[in-house]
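Trainee: Each chain, written out:
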Amino acid sequence: MKACLRVCTAASCRSRGGASLQHSLSEAVARAGLEHGLRVKGVGCLGPCSDGPLLAMDADPKAQTQLYGSIPVADGAQLVASLMEAAAQHTLAHWCPAGGLRIDLNHPFFQLQRRLVLEHCGQIDPTSIEEALAAGAYRQLERVLQNNNPAAVIEQVRRSGLRGRGGAGYPTGLKWAAVAQMPGTEKVVVCNADEGDPGAFMDRTVLEGDPHTVLEGMAIAAHTVGASRGLIYVRAEYPLAIARLRTAIAAAQGHGWLGTAIAGSRCNFDVELRVGAGAYVCGEETALMQSIEGKRGMPRPRPPYPAERGVFGLPTLINNVETFANLPALLRLGLETYGRGTKVFSLTGHVRRSGVIEVPMGTSLRTVVETMGGGTPAGRSIKAVQTGGPSGGCVPAHQLDTPVDYESLQSLGTIMGSGGMVVMDDTTDMVDIARFFMAFSREESCGKCVPCRAGTVQLDNLLEQILDRRATPEDLEQLESLCRMVKDTSLCGLGQGAPRPVLSTLRHFRDDYLALVPVETRR
Amino acid sequence: MNLYSLRIDDHDVAIAADSTVLQAAQEASIAIPTLCFLEGLSAVAACRMCLVEVSGNDTLLPACITPVQEGMQVHTATPRLQDIRRTLIELLFTEGNHVCGICVANGHCELQNLAVEVGMDHSRLPYRFPDRHVDLSHPLFGMDHNRCVLCTRCVRVCDEVEGAHVWDVGWRGEHCRIIAGLEEPWGAVEACTHCGKCVEVCPTGALFHRGDTTDEKHSDPARLQALMQARQQQRWNP
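Chains A and B supply the protein sequences, listed in that same order.
Position one of the first sequence corresponds to residue 0 (numbering that gives the first Met the number 0), numbered consecutively onward.
Position one of the second sequence corresponds to residue 0 (numbering that gives the first Met the number 0), numbered consecutively onward.
By construction, these hints were calculated from the structure, which means they are not laboratory data.
Hints should not be assumed to be uniformly reliable.
Unchecked claim - Distance ranges between label pairs, derived from CB positions:
| hint | chain 1 | residue 1 | chain 2 | residue 2 | range |
| --- | --- | --- | --- | --- | --- |
| 1 | B | E116 | A | S380 | 52 to 58 Å |
| 2 | B | S122 | A | R301 | 30 to 36 Å |
| 3 | B | Q231 | A | T259 | 43 to 49 Å |
| 4 | B | Q231 | A | T246 | 50 to 56 Å |
| 5 | A | E463 | B | E116 | 46 to 52 Å |
| 6 | B | L181 | A | T184 | 47 to 53 Å |
| 7 | A | A249 | B | S4 | 54 to 60 Å |
| 8 | B | V133 | A | T520 | 53 to 59 Å |
| 9 | A | R509 | B | L181 | 44 to 50 Å |
| 10 | A | T246 | B | M0 | 43 to 49 Å |
| 11 | B | R6 | A | E463 | 42 to 48 Å |
| 12 | A | R301 | B | R234 | 52 to 58 Å |
| 13 | A | N267 | B | E116 | 15 to 21 Å |
Claimed, not checked - Far from chain A, some chain B residues (derived; all Cβ distances over 12 Å):
| hint | residue |
| --- | --- |
| 14 | A44 |
| 15 | C175 |
| 16 | T212 |
Said to hold, decoys possible - If you want the footprint, here are the derived chain A segments under chain B, 3+ residues with CB under 8 Å:
| hint | region |
| --- | --- |
| 17 | 329 to 338 |
| 18 | 435 to 444 |
| 19 | 452 to 465 |
Please read these numbers as outputs of a predicted model, since none were measured by experiment.
Think of the CB as a built atom: it goes at the ideal place given N, C-alpha and C, for glycine as much as any other residue.
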């Protein structure tokens, strides 16, 4: 077997020189005429971003794969030379990049993961449909088309309990059934890839590492609900994901997995890309649809739901990247093996090992943050874990045994959200965190409804006043009541969620607020 | 005609099944405060003044777009809703520069009337005193952004009724403002037909006839409704 060196070329490692590393290594292999014994390929995310740039060596099918991090890209020539020597002497299994760090693949960071969505991410070359096909891409689509029983697919999705991974957690099966029931032949499937929460990069990882799984999920959905048109709305800040998607869509069309008469069936499905222009609110489904139509990205009230009147007034199924990427695994494994499924998280903040992980639904936060992420750097302890971005809240350290699922997180005053997980150590001022998110929502409000447009400004100003130690206990009361008002009255999820970082920190870390209120103003 | 019966506060109402809660309330002579809503224009549910409570539903619903349902129990004036409406008016007053004593619409202003209705005698939130400008480039009308509440009635009437689409909303969040053309001086926008419908539907003194002074602007939204009715029924002589 030919040895294979997989170099991570996803956004994080790329920013640390991963792409140029891959380039110089493959050039050197070609120059030395060693292609028959060693293949260098660029792959999607390998996981522990904090240790990037990363590369993985599959030297021998019998030997374990080796993962190396912190590769000194500056010493490129030396690295290339040592690799060439090892390749020439057939000692690749023992090769270790000088200055690099050998990462233990038996660490819980890897061992406790269950990779359904990310199964091929980091394994295959995301620009090659041949590799994706060899790994099993489009096989579930083929099966679905052959069986031609949309009702059975909907029933399986419904019984799996799969819920929308974009943040709101709406049951996917119900959504599909609603669109399938709509009369007419013109329907649309939309993939929401406008991931915008600060500290969230799960969807980017999936799109950069394995775009075909998302396309396959979309095509399965399209056949099931009776749609022939697909749109992917992806934010412009993800140029690599956009490039990978363009390549993948063209390749899938070329191989007959998208387009007319897919796999010889009567199913037609074309996918187009729409690139967002940087507005966070366009991740909200009704605003996203307005934006697709070329209008100002502003949410509109529901009903009518997208299933009834969506893009261009047509019945529309809109799901998030990760939701679509779950489909092939769900159909392949069947209900029993699929179980409760998984959730992809981007683990960041004050944690030793950050990166993208996929864990079984119901894993405790402590397992994710302490066992897998290694906890906080030495000398510090965890104060809180933030989930759900600007619409989410903080889980205090003493409640880290909470399982990661929709209901448990909600009962703590936060949300599962799309999968951003930010660890905060005991040096963190929670009022500062609340202010950060409120300033974000203030900046990103579309300005349509009064409570969000004007309320977030008043809340942000109040938080500033508290941080400046100019607030009284009455101001704290006003902060809390205005938070509830904005939450209860805003038109869309952005406004309704904006107060949650404040309400959650007031609930779990009220002392942080009280400490900032000058003593002389207290009664 | 299919009728639904529902209960709004203490009144039983029977109304056509395709009606909204706001229409049902009007039928029962129950006044739900509104600001962005105007009969004859599409409803956008942006001002949130008409939010009501519905038994068995945790979320507050905007009466202007919520369809009636059989057996629905609607509460339009609970203490919670009253506090919300007062806060909304406070948010609007503190967001702009509303000085009634020197305003063309003083005494005939929907924002002012709402403030009286919800009992807002002062604002519990601090005034923000934003730096906004006045556009006097149009020969007949003026636009004072200090008094604008971003209800978008002008945007909708110009687009939906006049068909000129002179107005739109520019920027976002707290920086939102009504723009003419492609953010040009109003007078430079050739699409404007000088019809004055935007001035007519503006709930405050933001859009006004040049030459009007304090207290002199009298808008009459009923004129829009008469026009819409005439168009619909093709009857132009009342």
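Trainee: For every hint, state whether the structure bears it out.
Mentor: Hints, verified against the model:
1. B:E116 with A:S380: 52 to 58 Å: This hint holds: roughly 53 Å between Cβ atoms.
2. B:S122 with A:R301: 30 to 36 Å: holds (32 Å)
3. B:Q231 with A:T259: 43 to 49 Å: holds (44 Å)
4. B:Q231 with A:T246: 50 to 56 Å: holds (53 Å)
5. A:E463 with B:E116: 46 to 52 Å: violated (32 Å)
6. B:L181 with A:T184: 47 to 53 Å: At 39 Å between Cβs, range violated.
7. A:A249 with B:S4: 54 to 60 Å: holds (58 Å)
8. B:V133 with A:T520: 53 to 59 Å: The hinted range 53 to 59 Å is violated for B:V133 and A:T520, with Cβ atoms some 40 Å apart.
9. A:R509 with B:L181: 44 to 50 Å: Check passed, 49 Å falls within 44 to 50 Å.
10. A:T246 with B:M0: 43 to 49 Å: Because 57 Å falls outside the window, the suggested range is violated.
11. B:R6 with A:E463: 42 to 48 Å: Distance hint for B:R6, A:E463 holds at roughly 45 Å.
12. A:R301 with B:R234: 52 to 58 Å: Since A:R301 and B:R234 have Cβ atoms about 36 Å apart, the given range 52 to 58 Å is violated.
13. A:N267 with B:E116: 15 to 21 Å: This hint is violated: roughly 56 Å between Cβ atoms.
14. A44: violated (5 Å)
15. C175: The claim is violated: B:C175 sits with its nearest Cβ about 3 Å from chain A, within 12 Å.
16. T212: holds (29 Å)
17. 329 to 338: violated (count 0)
18. 435 to 444: Since three or more residues must qualify, the claim that chain B covers the region 435 to 444 of chain A holds, with 4 doing so at under 8 Å.
19. 452 to 465: holds (count 7)
Checked against the numbered hints given earlier, the structure breaks hints 5, 6, 8, 10, 12, 13, 14, 15 and 17 and satisfies all the rest.
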